[in-house]
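Required output: the full structure, derived from the provided sequences and hints.
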Amino acid sequence: MDLSIVLILLQDGVTNAAIYALLALALVLVFTVTRVIFVPVGEFVSFGALSLAALEAGRMPGTVWLLVILGVAAAAATLFAGRRDLTVRSVALTLAETILLPLAIAALTAFLAPHKPPQLVQVALALLIVAPMGVYTYSAVFRPIAEASVLVLLIVSVALHLALVGLGLIFFGAEGSRTEALSRASVTLGDLFVSGQAVVVLGVTAALMVGLYLFFERTLIGKALRATAVNRLGARLVGISPGFSGRVAFALAGVIGALGGILISPLTTIYYDTGFIIGLKGFVAAIIGGLVSYPLAAAAAIMVGVLESFASFWASEFKEVIVFMIIVPILLARSYGTTVLEDEE
Amino acid sequence: MSASARTALLLLVAFAAALPFIPGVPPYWITVAAYIGMAAIVALGIVVLTGVAAVVSFGQAMFVGFGAYTTAILTTRHGWPPLATLPVAIGIAGLLAWGIGAITLRLKGHYLPVATIAWNISFFYLTGSLDYFRRFDGIAGIPPLSIFGISFAEVTRFYLVTLLVVVALVVVTRNLLDSRVGRSIRSLKGGALAAESFGVDTGRAKILAFVYAGVLAAISGWLYAHFQRAINPSPFNVNVSIDYLLMAVAGGVGQIGGAILGAALVTIVRDKLQDVLPWLIGAQGNYEAIVFGTVLILIFQFAPEGLWPYLRRLFGPPARARPESAGAAGLLRPARERPAPGAEILRVTNLRKAFGGLVAVNDLSFTVQAGEIVGLIGPNGAGKSTSFNLVTGVLAATGGSIAFRGEEICGRPARRVAALGIARTFQHVKLVHGMSTIENVALGHHLRGRAGALQGALRLDRAEEAQIFADARRQLERVGLLDCADTLAGELALGQQRLVEIARALALDPVLLLLDEPAAGLRHAEKTALAGLLRRVRAEGVAILLVEHDMDFVMGLTDRLVVMNFGSELAQGSPADIQRNPAVLEAYLGSAA
Numbered sequence: 000m001d002l003s004i005v006l007i008l009l010q011d012g013v014t015n016a017a018i019y020a021l022l023a024l025a026l027v028l029v030f031t032v033t034r035v036i037f038v039p040v041g042e043f044v045s046f047g048a049l050s051l052a053a054l055e056a057g058r059m060p061g062t063v064w065l066l067v068i069l070g071v072a073a074a075a076a077t078l079f080a081g082r083r084d085l086t087v088r089s090v091a092l093t094l095a096e097t098i099l100l101p102l103a104i105a106a107l108t109a110f111l112a113p114h115k116p117p118q119l120v121q122v123a124l125a126l127l128i129v130a131p132m133g134v135y136t137y138s139a140v141f142r143p144i145a146e147a148s149v150l151v152l153l154i155v156s157v158a159l160h161l162a163l164v165g166l167g168l169i170f171f172g173a174e175g176s177r178t179e180a181l182s183r184a185s186v187t188l189g190d191l192f193v194s195g196q197a198v199v200v201l202g203v204t205a206a207l208m209v210g211l212y213l214f215f216e217r218t219l220i221g222k223a224l225r226a227t228a229v230n231r232l233g234a235r236l237v238g239i240s241p242g243f244s245g246r247v248a249f250a251l252a253g254v255i256g257a258l259g260g261i262l263i264s265p266l267t268t269i270y271y272d273t274g275f276i277i278g279l280k281g282f283v284a285a286i287i288g289g290l291v292s293y294p295l296a297a298a299a300a301i302m303v304g305v306l307e308s309f310a311s312f313w314a315s316e317f318k319e320v321i322v323f324m325i326i327v328p329i330l331l332a333r334s335y336g337t338t339v340l341e342d343e344e
Numbered sequence: 000m001s002a003s004a005r006t007a008l009l010l011l012v013a014f015a016a017a018l019p020f021i022p023g024v025p026p027y028w029i030t031v032a033a034y035i036g037m038a039a040i041v042a043l044g045i046v047v048l049t050g051v052a053a054v055v056s057f058g059q060a061m062f063v064g065f066g067a068y069t070t071a072i073l074t075t076r077h078g079w080p081p082l083a084t085l086p087v088a089i090g091i092a093g094l095l096a097w098g099i100g101a102i103t104l105r106l107k108g109h110y111l112p113v114a115t116i117a118w119n120i121s122f123f124y125l126t127g128s129l130d131y132f133r134r135f136d137g138i139a140g141i142p143p144l145s146i147f148g149i150s151f152a153e154v155t156r157f158y159l160v161t162l163l164v165v166v167a168l169v170v171v172t173r174n175l176l177d178s179r180v181g182r183s184i185r186s187l188k189g190g191a192l193a194a195e196s197f198g199v200d201t202g203r204a205k206i207l208a209f210v211y212a213g214v215l216a217a218i219s220g221w222l223y224a225h226f227q228r229a230i231n232p233s234p235f236n237v238n239v240s241i242d243y244l245l246m247a248v249a250g251g252v253g254q255i256g257g258a259i260l261g262a263a264l265v266t267i268v269r270d271k272l273q274d275v276l277p278w279l280i281g282a283q284g285n286y287e288a289i290v291f292g293t294v295l296i297l298i299f300q301f302a303p304e305g306l307w308p309y310l311r312r313l314f315g316p317p318a319r320a321r322p323e324s325a326g327a328a329g330l331l332r333p334a335r336e337r338p339a340p341g342a343e344i345l346r347v348t349n350l351r352k353a354f355g356g357l358v359a360v361n362d363l364s365f366t367v368q369a370g371e372i373v374g375l376i377g378p379n380g381a382g383k384s385t386s387f388n389l390v391t392g393v394l395a396a397t398g399g400s401i402a403f404r405g406e407e408i409c410g411r412p413a414r415r416v417a418a419l420g421i422a423r424t425f426q427h428v429k430l431v432h433g434m435s436t437i438e439n440v441a442l443g444h445h446l447r448g449r450a451g452a453l454q455g456a457l458r459l460d461r462a463e464e465a466q467i468f469a470d471a472r473r474q475l476e477r478v479g480l481l482d483c484a485d486t487l488a489g490e491l492a493l494g495q496q497r498l499v500e501i502a503r504a505l506a507l508d509p510v511l512l513l514l515d516e517p518a519a520g521l522r523h524a525e526k527t528a529l530a531g532l533l534r535r536v537r538a539e540g541v542a543i544l545l546v547e548h549d550m551d552f553v554m555g556l557t558d559r560l561v562v563m564n565f566g567s568e569l570a571q572g573s574p575a576d577i578q579r580n581p582a583v584l585e586a587y588l589g590s591a592a
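As they're listed, the protein sequences go chains A and B.
The first sequence: position 240 = 239 (numbering that gives the first Met the number 0), numbered continuously.
The second sequence: position 36 = 35 (numbering that gives the first Met the number 0), numbered continuously.
Since the hints were derived computationally from the structure, they do not count as laboratory data.
If you're wondering where the values come from, they're calculated on a predicted model, not measured in any experiment.
We put the beta carbon where it would ideally sit given N, CA and C, even for glycine.
Don't take each hint at face value.
So the derived label-pair ranges between C-beta atoms look like this [to be verified]:
hint, chain 1, residue 1, chain 2, residue 2, range
1, A, F215, B, W28, 54 to 62 Å
2, A, N230, B, N379, 17 to 25 Å
3, A, I98, B, R228, 22 to 30 Å
4, A, R183, B, N285, 35 to 43 Å
5, B, D270, A, V327, 55 to 63 Å
6, B, D270, A, A80, 30 to 38 Å
7, B, F14, A, I98, 43 to 51 Å
Some chain A residues flagged as far from chain B (calculated, every beta-carbon gap over 12 Å) [stated by the list, open to error]:
hint, residue
8, Q10
9, R34
10, D84
11, S156
12, G189
13, M208
14, L211
15, V229
16, L232
17, E319
Shown next as structure tokens:
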């Protein structure tokens, strides 16, 4: 192994790591605000990637129908939960958000898809289809049991993952897809060949992180989310609705997940169930950050990506095992650093 | 268990055993029934792990895999007979469960399930990529089950063996949960802190539940390997683990019957869905996952207790069979030798506890002697309960010393403090709501019993249990709650729950008793009865430290008082002196008084 291979592996690792870092951020965000460990974030990756691939082929992505289904489920759950005090206005708002919006997106997609619009429009359309699913899953699945224990929320989260993977198989079939690179440009710096795709991935990740930082530091909604993360009851007492915070968190997670899929699909072939493994790597990073620290999670994601890249060079068959098993020493270190003597809910 | 439920159960087992011999039953049903049995064994482990110990694992299919691969490798490559591999399979799964549990169980609740996902996926890839496990092709040519020369290759025979194993494991699981160790596992759900304060090593109890679930899964895997005769990594992947969890949750995760109900439902429904869905959708695939995932979500939204409670209502409330009252005496650890009246029991010196910048207890010093009741009083937020937590090892002190009978105990964990004979009650009642009143009291006997998990599972602990329950009845009688012995603790009134806590504390046979607001929520007559009880306990030579806001109760009962305000000691003295102390009056009534 010489320097050029090391550089290539590093570049690969860091590029993937950027996507893991995004997913880790989404997981930390959702967990701190709603206590949900958002296992299905991986399905958003798959759906984002496969929707873009379908649009590239000039086909209508199956996720459009999934969006409509989830919208209906969200409408049913929201109306059922609020059945005691429904007003014409609240019903109209709910229906507009959960029924009309998906239908409008479906109509737009049906109109645009056969024309094979420019890549940027395709990307925007794929995001538009997949991202709202975040909010809908929250309304349909998690909002009704928002006060349940972390463990119940986790089981439900895994159940949702199971259902979404199955639906992904229906809508996309068992074949994988790979999308066009977002940039064909490339730069050669000495020994290092830098692909445009890597630059796009890192650029978008950095921009998103800065955006999130500004959102949390500068906007009222961002601050409300942070308040909910620190103390849910306290946030509620000063008028921050946990339901609202939850919706914003899931909306962001939906956007991040779909974007992660769009960014990674030119790098590797994505199948309907690939997202789970990608999401789990974000997970490993998030866990290293204790599921609460954004900077630690992002740093851990870089480590996971680079480790995976080198592992696939030396022992490609075992790369998944190696990546998943690094959490063991970390859990060990954590378990000796903490004494748990409190009643868990 | 009520008589009708017992009859129903026996009929069910008889029916299950007769199933293959009923004319007209297709052989395929027997195969499905065998699968239900194997799944039910795994689900039974999840009932103990998740339903009872409140630990969630997404990796049980991996433990099934441990059992299956162990026997597959030993029988095909080393020529072992199937029966001989069972102890090895159990041993390997148990050891690995212990190791994995030791690493992850100490962490907060959600780390374990997440870690089990990672373990399970790693196991899948390892078995799928190592030659030793024959990669994704798997191991074929596993011999059928044969025991002492009798072959169980034929489906009906195999099914009967499976049924026998299921029945045996149901009995063992029931026994285990109804034993000293079982109570310590059951205390994990909502009462872990209290259990630690009565000497239960809750970390060990968790690992024990994890090992038990792992061993059960391995037994199922052992059966599976000899039934299928060929194995590969797929049936041991994480999605199968989720199916097992679904079985336990759908049936009712706290219930043994729920495990079998859930295993039957999920296995049958999956079988049907695998026929119907691909036909409906027009392609092959794992579509039943959609239905299972959705059903699981709906169960948690609308029926978090699962389906078993609905079924059980048909048979009326369960009544538990209690061990007969005391047989041979002397199995419990003997009552501690009492210190002479007036001997110093507790000496607290310059005790200090800071939470960040807030000093909750500031240089507190006092003593308690055998045969006296000392009251610890002060306004809300004075640091009384914090002091209790420091003395009992629930919190670690920032500084100072706590000597119990001359021995320094500051810094010892709660369960070691309990072992010295220090028992307590809690300001916010901490009983295990799902356990009966008398079982909650019996948790206080934890340190006085000896029976281990194996003795409990095999019912070799009956004599000791009988003594524990005889003494528990005695303690309940002392607090006047014998009538409520079989009531669930969560159904008692708050005042009664406080009395149960006192009974549990007395069950430890304490030298020092710490009571945190025992009279709160009691009616006048009950307070008088409680005062009488505490006087009798004092007369037995027990030292009592009491936090209480009811001043009539405190003044009439205590020998000495320690008054705290803002974490510091304000005054000490006899009740009469304290009532005249101007500083105390000011703290309680304000300076204008």
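Each hint tested on the structure:
At roughly 59 Å, the beta carbons of F215/A and W28/B sit within the given window of 54 to 62 Å. Taken as a hint, the range 17 to 25 Å holds for the pair N230/A and N379/B, whose Cβ atoms sit roughly 22 Å apart. Remark: the range hint 22 to 30 Å for I98/A to R228/B is contradicted by a beta-carbon distance near 53 Å. One distance hint, 35 to 43 Å for the beta-carbon pair R183/A and N285/B, holds here, with the actual separation near 37 Å.
At about 37 Å, the CB distance of D270/B to V327/A disagrees with the hint of 55 to 63 Å. Checked against the hint of 30 to 38 Å, the pair D270/B and A80/A passes, with Cβ atoms roughly 35 Å apart. At about 49 Å, the CB distance of F14/B to I98/A agrees with the hint of 43 to 51 Å. Once the 12 Å rule is applied to beta carbons, Q10/A is consistent with being away from chain B; the minimum gap is 25 Å.
Not every CB of chain B is more than 12 Å from the CB of R34/A (nearest about 9 Å), against its label as outside the interface. Look at D84/A: its CB is around 20 Å from the nearest CB on chain B, clear of 12 Å, so calling it non-interface holds up. Under the 12 Å C-beta cut-off, the non-interface status given to S156/A relative to chain B is violated; the minimum distance is some 9 Å. In this structure G189/A is separated from chain B by more than 12 Å, as the shortest Cβ-Cβ distance comes to about 36 Å.
Listed as a non-interface residue, M208/A keeps its Cβ farther than 12 Å from every Cβ of chain B; the least gap is roughly 24 Å. Remark: the non-interface label on L211/A is consistent with the geometry, its nearest Cβ contact in chain B lying 23 Å away (cut-off 12 Å). Listed as outside the interface, V229/A is consistent with that label: its C-beta sits roughly 15 Å from the nearest C-beta of chain B, beyond the 12 Å cut-off. Every CB of chain B lies more than 12 Å from the CB of L232/A, the least distance being 17 Å, so the non-interface label holds.
Interface exclusion of E319/A from chain B breaks down, the closest Cβ pair being 5 Å apart, not more than 12 Å.
Of the numbered hints given earlier, the model fails hints 3, 5, 9, 11, 17; all others are met.
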